[in-house]
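Build the full structure now, drawing on both the sequences and the hints.
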Amino acid sequence: MSVAQGVNYLNEDKSLKSWLFTLDHKRIGVMYLFGVMTMFLLGGIFAILIRLELLAPGPDLMTADTYNQMFTLHGAIMIFLFIIPAIPAALGNFVLPLMIGAKDVAFPRLNLASWYVYLLGAGFALFSMLAGAADTGWTFYTPYSTTTSTSVISMTMAAFILGFSSIFTGVNFIATIHKLRAPGMTWFKMPLMIWALYATAVIQILATPVLGITLVLLVLEKAFGIGIFDPAMGGDPVLFQHFFWFYSHPAVYIMVLPGMGIISELIATFSKKKIFGYKLIAYSSVAIALISFLVWGHHMFTSGQSELAAMVFSFLTFFVGIPSGVKMFNWLATMYKGRISFEAPMLWALSFMFLFAIGGFTGIMLGAISLDIHFHDTYFVVAHFHYVMMGGTVVAFFGGLHYWWPKIWGRMYNETLAKISVILVFIGFNMTFFTQFILGSQGMPRRYFNYLDQYQPLHAFSSYGSWVLGLGFIIMAFYLIHSLFRGKKAPDNPWGALTLEWQTSSPPSHHNFDEIPDLDHDPYDYDKLMVVDDKLIRKNGQSEKKETTVN
Amino acid sequence: MEHAEHPKFLQHHFTDAEQQAESAKLGMWIFLLTEILLFGGLFVFYAIFRSWHPDMFYEAHKVLSVPLGTLNTFVLITSSLTMALSIRAMQLNNRKQTIWYLVATLLLAATFLVVKYFEYHHKFELGQLPGRFYTYEGINAVNPHIFFSVYFTMTGLHGIHVLIGMIVITWVLVRTIKNDFSSEYYTPIEMTGLYWHLVDLIWIFLFPLLYLIG
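Going down the list, the protein sequences come from chains B and C. Per the working numbering, residue 1 is the first one in the first sequence, and the count goes up by one each step. Per the working numbering, residue 1001 is the first one in the second sequence, and the count goes up by one each step.
Hints were generated in silico from the structure; no laboratory data involved. Values in this document were obtained by computation on a predicted structure and should not be read as measured data. There's no promise every hint is true.
[Stated by the list, open to error] For lysine-lysine, the following DSS-like pairs were computed, each having C-alpha atoms within a straight-line distance of at most 25 Å:
| # | chain 1 | residue 1 | chain 2 | residue 2 |
| --- | --- | --- | --- | --- |
| 1 | B | 279 | B | 179 |
| 2 | C | 1008 | B | 17 |
| 3 | C | 1025 | B | 103 |
| 4 | B | 272 | B | 337 |
| 5 | B | 222 | C | 1123 |
| 6 | B | 103 | B | 14 |
| 7 | B | 419 | B | 337 |
| 8 | C | 1123 | C | 1062 |
| 9 | B | 274 | B | 539 |
| 10 | B | 528 | B | 337 |
| 11 | C | 1008 | B | 179 |
| 12 | B | 279 | B | 189 |
| 13 | B | 488 | B | 14 |
| 14 | B | 272 | B | 535 |
| 15 | C | 1008 | B | 103 |
| 16 | B | 535 | B | 189 |
| 17 | B | 179 | C | 1025 |
| 18 | B | 279 | B | 337 |
Shown next, in the form of structure tokens:
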């Protein structure tokens, strides 16, 4: 096989048709990237508008009904169209085969189908937006969702269809990880990102179908009045909540687990140290995936479920804190006495650790029944949710995007602007959402269009924060788009990382590797190997010994 | 070309036919798992509503036709047999037999849907319908329409799966006629078989749960 110099997956065929019918996981990942970034922009605009409306009490920009549609669209778009596919389907699709030394995912056609199904789901969501957007919140709770006249059905169908795209990705990842690892890559030689994607895929497989059937029943209830969620007809609205959260709680781990996988890669790479507690991090991903199925009742402490059930759910919720804590401490221990460098991806990783710690702790607070009765449906919940979802997953996503950007495009971005962007996002995020912990503890209810004057200063501060946050993202959009056209050419291994995706060219060729990658080392053997000019160099005996004494 | 020595059916990213077949099989089983969970949600619904209204379920189930349900159960089990035989025939490189067994499977699946059509039609005429469309007055119990919500949702979703199965079987039938398969490579037929057996299996649970309440 002779691949001409400079030919890669991006430039071998530039026609539109070659993109729309591509079976290459890298191109599908890139197409997903465009999809999810568009949705992030859309959901972000709704968020800014919501904050603008809340700058002062009373109606300013929009009516109360429009406001209800705004936060529903913000939630539904961000969850179903951005966060869930962002890391697995966009970044994961690109890096998973590269990281395990495979030529592609197991089912390339299914992979492409998943992208088109995603587009179809996005189409339904946009249609719902134009045809009188749903105003139920992203949770579609009955009985309101079955009685409102807004277009709940098309939004529900969108979520149902997007579920298939998520399942396709999950099926593909599990089969790929089981069957397509390069010879010599055993389970415990896999990068931790792969373990995280595997655990994510398990949840995608087990939870998404249940959401699917729940949404189908909701559509049947709304369209044909089958009565199963209607107490007047012998049904039960709380049953919907149980079914919804049976998916949607595990779904928050679909969102955050791959983010944790990215953080494991970033912390090890930028600390240039063997990851601390590899097996524990790997197992904790699987543990989180399994426990996540047993905690859904903590969303329903005030819905009238039995006290015993509430206590069990509360206890199991505390339990999830353990594997999450295991990861946190292992990352900290990895950094301890490492050679840390503060490039932009590492700054994102550090932001993640700080923000996710707050999100995790407040999650434990909300899991305690007595506190939850007080905080339920207040801004405290909103703040907690954004600390784990945005401070956790979204920050990790952008960390990963910056980390793999040179590999995806073969170009570098402006490092100084990247640092300014991450710092602005960090400051803006805390301004926006830490304020909301205080608002919530003072009793500000979530999803309210209007509020008492006493909350005005904090609401205003939170809105100012959203502008800082927005500015950070605008700067990022500027330098990332700039780098696509004018960026400096990226070396094969700009960060000196040891995982396999850095052993091929940037951007990779169509077949990923021109020769079978070197697998005689573990993904985090920074004590034995170093990277000089894109080449792996084995450290000599002396320096190896020195490393051991330092550790 | 580097692929020159590879068999036609082998996709470029697999090292050999065995890896490709193993991957397909694993992927299919995972997909079947999602199907089980999809129906699992409905079975949970069934369990909840039956435990809430045991007498109503008993009274309402009497309007279902046990002979027709039994007939359909035999039809589907037989179609599973013909499906399995079609795979067996292809393993023995007997293409003609595979084609006939696939045609038989298709006909049996169609029979199932025709019988189902008559059952549905009968219920539509009598107003034994879900939720607010329920108008039948012959069942002496509270909220009997819930039973028909459960009945039509479960058998309806199953019917859609039978229909999808028929489309997929037609597709492998066409490919068999076009001589795409041999004893070396018959993965699509085998995968279709796995799916078809699951569709049968779900019916085998639906039949006693809906028709034979004691």
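Here is how each hint holds up against the structure:
no.: 1; hint: B:279 with B:179; verdict: holds (21 Å)
no.: 2; hint: C:1008 with B:17; verdict: holds (24 Å)
no.: 3; hint: C:1025 with B:103; verdict: holds (19 Å)
no.: 4; hint: B:272 with B:337; verdict: holds (10 Å)
no.: 5; hint: B:222 with C:1123; verdict: holds (22 Å)
no.: 6; hint: B:103 with B:14; verdict: holds (20 Å)
no.: 7; hint: B:419 with B:337; verdict: holds (23 Å)
no.: 8; hint: C:1123 with C:1062; verdict: holds (12 Å)
no.: 9; hint: B:274 with B:539; verdict: holds (14 Å)
no.: 10; hint: B:528 with B:337; verdict: holds (16 Å)
no.: 11; hint: C:1008 with B:179; verdict: holds (21 Å)
no.: 12; hint: B:279 with B:189; verdict: holds (10 Å)
no.: 13; hint: B:488 with B:14; verdict: holds (21 Å)
no.: 14; hint: B:272 with B:535; verdict: holds (15 Å)
no.: 15; hint: C:1008 with B:103; verdict: holds (18 Å)
no.: 16; hint: B:535 with B:189; verdict: holds (20 Å)
no.: 17; hint: B:179 with C:1025; verdict: holds (11 Å)
no.: 18; hint: B:279 with B:337; verdict: holds (20 Å)
Comparing the model with each earlier hint shows no violations; every hint is respected.
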